[in-house]
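Take the sequences, apply the hints, and build the full model.
Read left to right, the sequence shown gives residues 403 to 722 (my numbering).
Don't read these hints as lab results, they were simulated from the structure. Positions of the beta carbon are idealized from the N, C-alpha and C atoms, including for glycine. Be careful, since some hints might not be right.
[To be verified] Pairs of lysine-lysine residues, derived as DSS-like cross-links and limited to a Cα-Cα distance of at most 30 Å, are as follows:
| id | residue 1 | residue 2 |
| --- | --- | --- |
| 1 | LYS681 | LYS451 |
| 2 | LYS648 | LYS681 |
| 3 | LYS523 | LYS647 |
| 4 | LYS508 | LYS451 |
| 5 | LYS508 | LYS681 |
| 6 | LYS451 | LYS530 |
| 7 | LYS453 | LYS508 |
| 8 | LYS648 | LYS508 |
| 9 | LYS508 | LYS530 |
| 10 | LYS530 | LYS647 |
| 11 | LYS453 | LYS437 |
| 12 | LYS681 | LYS647 |
| 13 | LYS508 | LYS647 |
| 14 | LYS681 | LYS530 |
| 15 | LYS508 | LYS523 |
| 16 | LYS451 | LYS437 |
| 17 | LYS648 | LYS523 |
| 18 | LYS453 | LYS681 |
| 19 | LYS530 | LYS453 |
| 20 | LYS530 | LYS648 |
| 21 | LYS681 | LYS523 |
[As the list claims (entries may be wrong)] Pairwise CB distance ranges, derived in the manner of DEER restraints:
| id | residue 1 | residue 2 | range |
| --- | --- | --- | --- |
| 22 | SER625 | GLU446 | 47 to 57 Å |
| 23 | ALA631 | ARG500 | 26 to 36 Å |
| 24 | GLU688 | ARG558 | 16 to 26 Å |
| 25 | ALA435 | GLN504 | 30 to 40 Å |
| 26 | TYR511 | GLU434 | 47 to 57 Å |
| 27 | LYS530 | LEU423 | 28 to 38 Å |
| 28 | ARG558 | ASP584 | 40 to 50 Å |
| 29 | ARG500 | ALA448 | 16 to 26 Å |
| 30 | ALA457 | ASP584 | 43 to 53 Å |
| 31 | ASP554 | ARG418 | 43 to 53 Å |
| 32 | ARG500 | LYS451 | 13 to 23 Å |
| 33 | ALA463 | GLU434 | 30 to 40 Å |
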Amino acid sequence: MQERTALDDQLTALSRIQQDLDDQATMIELGEAEKDQSVIAEAEEALRKLKAEVARRELEALLSGEADANNSYLEVHAGAGGTESQDWASMLLRMYTRWAEQHGFKVDYIEETQGEEAGIKSATVEIKGRNAYGWLKTENGVHRLVRISPFDSNARRHTSFASVNVYPVIDDAIKIDINEADVRVDTLRSGGAGGQHVNKTESAIRLTHIPTNIVVFCQNDRSQHRNRAQAWQMLRAKLYEAELKKREEKAAADQAAKTDIGWGHQIRSYVLQPYQMVKDLRTGVETSNTGAVLDGDLDRFLAAALASRIEGSDALATKA
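Below you can see the structure in the form of structure tokens.
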């Protein structure tokens, strides 16, 4: 059913794009005939937006990975640096949730651990929508921020790090067998603001998969049973994503390895001082419009990273 809906959407979009193209071409002809530059400029701007949509849909058609069409879990973790890094982690989380909302995805909060003074230590959200994982899978890695710290009374420039981990939500069609003897289950008191159950009942669940040392944590519900079910789903998803990583590393030299949150491992730099620039260190794509990026304008970076990844896969396949 989901595939049928996706195909209907693609066919509808194709017809609409063709109609829009014809309409704007007609508008340009009318503008030239009447020598109305405002009409021509408006039509040309519409064509530029149409070109960007076509490029996005063309790339989206190449998202054919085993889990690309699935919903996605996205985790943000603050690096060393205390309040400054925790504030940066919260900025990153907002950036991704804004991007998701702008593209019609639904965002559900699974877990969020607040910092002592500001920001967050960590957070996990589920981004729901077709191809959510396919679009976000290249965001795994460390993100670096350079700015004048609002928490420094001497107004010095600080460098902060936060890591992003992305893995797919697996559906019932994908079977992941887990030996329960390999999993340590801890019940904890929920943390955070709000709710009478917070810090009073042990409703939060933490699962640790001992062979791989993969840890998941869920506290979004006041019911321990529902948190437990969500945590097991997240653990299966993480184990599945780990298996996908192994396959991709063999076939496509996966460059989204999860490393230390610090110097030398970042995938993207966000510089607010002494100049304005966001630069992806893998593809070279950059922009000086840092405000738009932090407000969710990520498409140019996601598209370039996906295109690079697909080209790398094709090159390796040709060599093989």
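Each hint tested on the structure:
1. For the hint pairing LYS681 with LYS451, the CA-to-CA distance comes to about 23 Å; that is within 30 Å, so the pair holds.
2. Straight-line distance between C-alpha atoms of LYS648 and LYS681 comes to about 28 Å, which keeps the hinted pair within the 30 Å bound.
3. A hinted pair counts as satisfied when its Cα atoms are at most 30 Å apart, and LYS523 with LYS647 qualifies at roughly 26 Å.
4. With a C-alpha separation of about 24 Å, the suggested pair LYS508 and LYS451 falls inside the 30 Å cut-off, and the hint holds.
5. Using a Cα cut-off of 30 Å, the hinted pair LYS508 and LYS681 holds, with the two alpha carbons roughly 27 Å apart.
6. Simply put, LYS451 and LYS530 have alpha-carbon atoms about 25 Å apart, close enough for the 30 Å limit, and the pair holds.
7. Between LYS453 and LYS508 the CA atoms are separated by roughly 26 Å; this keeps the pair inside 30 Å, and the hint holds.
8. Between LYS648 and LYS508, the direct Cα distance comes to roughly 29 Å. Compliance with the 30 Å bound is thereby established for this hinted pair.
9. With a CA separation close to 5 Å, the supplied pair LYS508 and LYS530 stays within the 30 Å bound.
10. Straight-line distance between C-alpha atoms of LYS530 and LYS647 comes to about 21 Å, which keeps the hinted pair within the 30 Å bound.
11. Only pairs whose Cα atoms come within 30 Å are accepted, and LYS453 paired with LYS437 is accepted, the gap being roughly 25 Å.
12. At roughly 25 Å between alpha-carbon atoms, LYS681 and LYS647 fall within 30 Å of each other, so this suggested pair holds.
13. Restraint check: the Cα-Cα separation between LYS508 and LYS647 comes to about 25 Å, which is no more than 30 Å; the hinted pair holds.
14. At most 30 Å may separate the alpha-carbon atoms for a hinted pair to count; LYS681 and LYS530 meet this at roughly 27 Å.
15. A hinted pair counts as satisfied when its Cα atoms are at most 30 Å apart, and LYS508 with LYS523 qualifies at roughly 23 Å.
16. Our distance criterion of 30 Å between C-alpha atoms is met by LYS451 and LYS437, whose separation comes to about 23 Å.
17. Restraint check: the Cα-Cα separation between LYS648 and LYS523 comes to about 28 Å, which is no more than 30 Å; the hinted pair holds.
18. Note on LYS453 and LYS681: the hinted pairing holds, with a Cα-Cα distance of about 23 Å set against a maximum of 30 Å.
19. A distance of roughly 26 Å separates the Cα atoms of LYS530 and LYS453; the hinted pair therefore holds under the 30 Å criterion.
20. Annotation: proposed proximity of LYS530 to LYS648 holds, straight-line Cα distance about 25 Å (limit 30 Å).
21. Simply put, LYS681 and LYS523 have alpha-carbon atoms about 24 Å apart, close enough for the 30 Å limit, and the pair holds.
22. The hinted window of 47 to 57 Å between SER625 and GLU446 holds, with their beta carbons roughly 55 Å apart.
23. Distance hint check for ALA631 and ARG500: the Cβ-Cβ separation is about 29 Å, which falls inside the suggested range of 26 to 36 Å.
24. With their beta carbons about 25 Å apart, GLU688 and ARG558 fall inside the hinted range of 16 to 26 Å.
25. Evaluation of the 30 to 40 Å hint for ALA435 and GLN504 yields a pass: the beta carbon distance comes to about 37 Å.
26. As the Cβ distance of TYR511 to GLU434 is approximately 52 Å, the hint placing it in 47 to 57 Å holds.
27. Here the CB-CB span from LYS530 to LEU423 is close to 31 Å, well matched to the stated 28 to 38 Å.
28. Taken as a hint, the range 40 to 50 Å holds for the pair ARG558 and ASP584, whose Cβ atoms sit roughly 47 Å apart.
29. At roughly 24 Å, the beta-carbon separation of ARG500 and ALA448 lies within the given 16 to 26 Å, and the hint holds.
30. Taken as a hint, the range 43 to 53 Å holds for the pair ALA457 and ASP584, whose Cβ atoms sit roughly 45 Å apart.
31. In this structure, ASP554 and ARG418 meet the distance hint of 43 to 53 Å, their C-beta atoms being roughly 51 Å apart.
32. Between ARG500 and LYS451 the beta carbon distance is about 19 Å. The supplied range of 13 to 23 Å therefore holds.
33. Hint check: ALA463 to GLU434, Cβ distance near 34 Å, so the stated range 30 to 40 Å holds.
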